[in-house]
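Enquirer: These are the residues of each chain, in order.
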Amino acid sequence: MTTDMQSLRDELTSLLAEKLVSIHEALGETTVVIKLSGMLDVMTQLRDAKGLRFAQMIDLCGMDYSEYREGQWEGRRFAVVYHLLSHAHNRRLRVRVFAEDDDFPVIESVSGIWPNANWFEREAFDLFGIIFTGHPDLRRILTDYGFVGNPFRKDFPLSGHVEMRYDPEQQRVVYQPVTVEPRVVTPRIMREENYGSN
Amino acid sequence: MPEIKNYTMNFGPQHPAAHGVLRLVLELDGEVVVRADPHIGLLHRATEKLAEHKTYLQSLPYMDRLDYVSMLSNEHAYVLAIEKLAGIEVPLRAQYIRVMFDEITRLLNHLMWLGAHGLDIGAMTVFLYCFREREDLMDAYEAVSGARMHAAYYRPGGVYRDLPDTMPQYEASKIHNAAAIRKMNANRQGSLLDFLEDFTSRFPKHVDEYETLLTDNRIWKQRTVGIGVLSPERATALGITGPMLRGSGVEWDLRKKQPYAVYDRLDFDIPVGRNGDTYDRYLVRVEEMRQSNRIIRQCIDWLRLNPGPVITANHKYAPPARESMKQNMEELIHHFKLFTEGMHISEGEAYASVEHPKGEFGIYMVSDGANKPYRLKIRAPGFVHLSALDEMVRGHMIADVVTIIGTQDIVFGEIDR
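Chains as they are written, first to last, in this note's numbering: chain R, 1 to 198; chain H, 1 to 417.
Looking at chain H on its own, in the form it has when it is part of the complex (with noise of 0.2 Å):
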C-alpha cells in the first residue's frame, strides 16, 4: 500500500462557510491543516481604479460596497480624507449623526458576524436573534437614507440631510391584521430618534439573551476556546487591528488613541482578551455591542438638545439648499459647477483612517489638483486579516477552519475591493 502523507483539498469558493468568495487550498496531514493558501480577488471590481475615473462625488456609493455588511464606516474614512484633504469644517451635529450612524453599523456588522459565526459552529438559533434586530436597525438606515443597506448618507462636509421626524409604518395586508400592525407600528409613532432610543433601551436584554445561548455554553467553549491564538506580539507583526488584536490583550482603539469625529465627547470603554483566542474575541466583540448601545444612546441626548446645519455652507463642497438655489444666481451656478464639474481638491495626499467594526479601515488619497482622485487606496483591515489565516490555522483540525474564517469577521467586498 503507498504511504500517502499529504492531501490537498479545496475549500471554497462556493461554500457556506467561506463567508463569501474565499477559495482555500487546504494541505492536510490526516485531519490537520499543514498549510492554507487562501486564493482571493474572485470578487475584485478595481474600485481604486474606477474611483480614478470619477469625481469625488460620483465614488461615494462604492464605498458602501466595499464592506457590505458595514456601509456607513467605509464612507466616514472616505469623507474624512476628502475633509482632510481640502480642509472642510464639518458641523458638530453631523459629527453626532456620523458617530451614531457608525455605531449602528458596529451593531449590524457585529449582529451579522454573531449570527453568521454562531451557524458556522453549529448554534442555529443565535442566527436567528440576531437578524432580528439587525431589521430594526436596518428600518433606521431606510428612514434616514432611503436605502436599508447602501446608503450613501455621508457628505464630504456633513451628512446628506437631517434625522427626520417620523418613521415609515407598516400597512395592513393578508398576513397582518389591523391589531397587529398598531402593535408593530407602536414604536414607530415619533421621530427616528425616539425608534432609536426605544432600541437602546431593548438591546442591552437582547445582547444578554445571546450571552446566555452562547457565553456558558459547553459545546461553544470547546469550539472556540484555545482556537486561532495570536499573542500580543504576533498580532501586532502582522499588522491585526480592530477587536482581532483587542481580543489579544492589545488596547489599541482609534477612537480612544486617535479620536475622529467627536469619540473624544462621549463615554464609553474598551474591552480587551486576554488570551488571544477564538472565545476572547467573541467576548470582546460582545462587549463592544454593549458599548456601541452606551454611544448611540448619548448621541441620541445630544441630538435631541442640538439642532443646527448638517453640511457645510462651503458651497465649493456642498450643494446649497434647494429653496436659494432657486433664487439666487451665485447658488444656481454653485449647484451646476458641483454637479457638472465635481469639486477640486488642492493637491496633496492624506491618509485617513477610522475604527471599523473589523479593524482600522484607511483611505489614502492622493489628489493632482483635478475633479478626481490621482489614487485612491482602500486599506482593507480584512485583507490583512485573512493574511494571517495561514499562519492561524497551522495545526488545527479542518472543522477549525470555519471557526477561524469566522473569528476573523471576513467580507469579501473590502478584501477584494
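Chain R on its own, in the form it takes in the complex (with noise of 0.2 Å):
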C-alpha cells in the first residue's frame, strides 16, 4: 500500500504541480487540496491522465469549517470534498476546494466531467448554500418545497426555525416557527492531546 501511495504522490506531483496547494497522507488516504482556479483542468486530468484515471466520482459533499476545534480554524470556511476511485489502478484519491468567499461560497461545477456530480452538487446546495458555476439545473433536492436556510451551516440550530402542524380551522398543514426547546444531552467535549493515556 505505502508503495502505491508512494507511486500515486508522484504521479500526482509531476502532473498538476503548481495546482496542487498541498498533499497529505494519513490512515492509508491520499488527500490534495487545489486550488479552485483552473479546478476543472485538474479534475479532467485526474480522471483522463494516463496514471490517475479515475473515472468514477464516489462521493462529493460540502464542509463547513466554521466551528472546527471550537473555532481555532484558520483559513476558508466552506469547502467541496470528493472522493474518487480508479478502478483501472485500485486506489482513491481525496480531494478538496475550498470556497474563497465565506459570504457567498462559490465553486466550479464538476457535473460536466463525472455526470453523477449533478446530484450531489444540488445537495451540497441544498444543504450548505455553496453556489456550483456550470451546473445544469441547480435546485434544491433534500429539503421541503419552499425551504429557507441552509441546515448543515454550523450555525443553523438542530431543531430547525419552523415546524410543522395540522389547522384544523384552514385544514391544512401549516409552518409556524418551531416551539422545542434546544437541548443538549450529553455535551461536546475537547480534551488536550492524549487526555488520558497511560
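Hints may be right or wrong, so weigh each one.
[As the list claims (entries may be wrong)] Straight-line alpha carbon distances no greater than 30 Å define the calculated DSSO-like cross-link-like pairs of lysine-lysine that follow:
(1) R:154 / H:337
(2) H:49 / R:154
(3) H:337 / H:54
(4) H:54 / H:256
(5) R:50 / H:256
Simulated from the structure, these hints should not be mistaken for laboratory data.
Join the two chains into one complex using the hints; note that each chain is given alone, in its own frame.
Expert: Given below as C-alpha cells:
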C-alpha cells in the first residue's frame, strides 16, 4: 500500500505541480487540496491522465469548517470534498477545494466531468448554500419545497426554525415557528492531546 | 383539435411501485417517457446533522435506519470508519461474525428486492416465497441482538455480544397445537450456528424455486430483457456501484478488490452480467444470493472452531465486562466515562466503505478530536443510482419505469438520509 501511495504522490506532483496547494497522506488515504482557479482542468486530468484514471466520482460533499476545534480553524470556511475511485489502478483519492468567499461560497461544477456530480452538487447547494457555477439545474433536492436556509451550516440550529402542524381551521398543514426548547443531552467536549492515555 | 405533444404526469409519492416516497414527474410523449425528474427528500431526517450532535456510540442505531432493509451493512461501514480513525484492533472472531451477518443482510436485502421486484412486474408468488426465507434470517437477527430489523449489534471494536447458544422457541397457541409447535421448533433446538447451518443447507433449493418461477419465464423475460440498458462505460461514469455495475459487465466488488474484515480469507465468486439490462442484474443478484450462502457456510465452520473475544479489550472504546466493572475501580471509571462522555477520536478524517447489498456504501468521517464527529457524510449507493434514473428510463414505456425503479433496488431511508 505504501509503495502505491508513493507512486500516486509522484503521479500527482508531476502532473499537477503548480495547481496543488498541498498533498497529505494519513491512514492509508491520500488527500490533495487544489486551487479553485483551474480546478476543472485538474479534475479532467485526474479522470483522464494515464497514471491516474479516476473514472468514478464516488462522493461529493460540502464542508463547513467554521466551528472546527471550537472555532480555531484558520482558513476559508466552506469547502467541497470529492472522493474519487480509479478502477484501473484500484485506488482512491480525496480532493478538497475551498471556496474563496465565506459569505457567498462559489465553486465550479464538475458535472461535465462526472455526470453523477449533478445531484451531489444540488445536495451541497441545498444543505450548505454552496453555488456551483456551470451546473445545469441547481435546485434544492433534499429539503422541502420553499425551505429557507441551509440546514447543514454550523450556525443552523439542530431543531430548525419552523415546524409543521395540521391546522383544523384551515384544514391543511401550516408552518409555525419552532416550539422545541434547544437542549444538549451530552455536551461536546474537547480534550487535550493524549488525554487519559497511560 | 389542438395538438398536444407532451404530457406531464405525477407518479408517487404514494404509489406502491415507488418503493417508498419517491415522487417522479414524468414527461410523456404518448406512452413513452421523454424525461423523468425524481423529487426526493420526503424522508429526509438529516441523519448527518443529528450525528454531529450525538456521541459516536449514540449515532450507531441511526445507521440501521438508513437503508432499512440492509441494516447491519450500514453499521459495518460506520464502525469501520471509527476503527480506521481511532486505530482500533478488532478481534478476528468479531470480524467473522460481522462478515456472516453482512451476508445474512445481503440475503435479506436481495430477498426483499426479488419479492418486491417480482410483485412490481406481476409475479405474485415470488414475494410469498422470499418472505418465507426472510423470516428465518430475521429470527437470526433477533436471536443475536433482540431486534428483528434494527439490530444495533456492531460496535466500534467488535460486536455487542457473542452468538447465543439457544434459539428462541415458538410457544403453543390457539392456532398451533403442540405437534405443530414441535415441528416448527425442530430446527431451533441447538445454537444460532446450528440454526443457520440448517438454513444454509435448505437455501440453495429455495433459490432454485425462485429461478424456476422467473429465470425462464417468458413474461418475466419480456418485461426485463433489454430494459434499462447501461453500458459499462456509462455505468462507470454515472458512479454506479454494486450489482448494478456488475450487471453491466464491470468486475468490481470491494469484497475482492479492497477487502475489509475477513473477506480475503473466504472463498466466493463475483457474478458479472453481460448486457447490462434488467434481466442481467436480476441474474447477478440471484447468483450473489448463492455466493452469500457459501460465505455464511464458511463463517459458520470457522466460528464453531474458534471461540474467543468478540470486542476489543481497549476500554477507551469498548466497555469492560460487567463483572470486572463491579470489582475494579479502573473499570468502573472506564465504564462511566464511556457512557457519559463517550469516546474521543483523535483529529483526522477517514473514508470507509463496504460492499453493501446495493453498491458502495461509504462513511466519510471528520473528527476534530471531540467526543462527537465534526462531520459525517453518508455515501448512499441508492442516491447515485436514482440520479441515473432519468437517463435509464428515457425512451421506455411508463410500465418500464416501474421495472427500472425495481432493478435499481431503491430504498428511501438511504437516499434521503
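Enquirer: Each of the hints needs a verdict: does it hold here or not?
Expert: Now for the hints, and whether the structure bears them out:
1. R:154 / H:337: holds, 27 Å
2. H:49 / R:154: holds, 9 Å
3. H:337 / H:54: It holds: about 15 Å lies between the C-alpha atoms, which stays within 30 Å.
4. H:54 / H:256: violated, 34 Å
5. R:50 / H:256: holds, 24 Å
In this structure, the one hint that does not hold is number 4.
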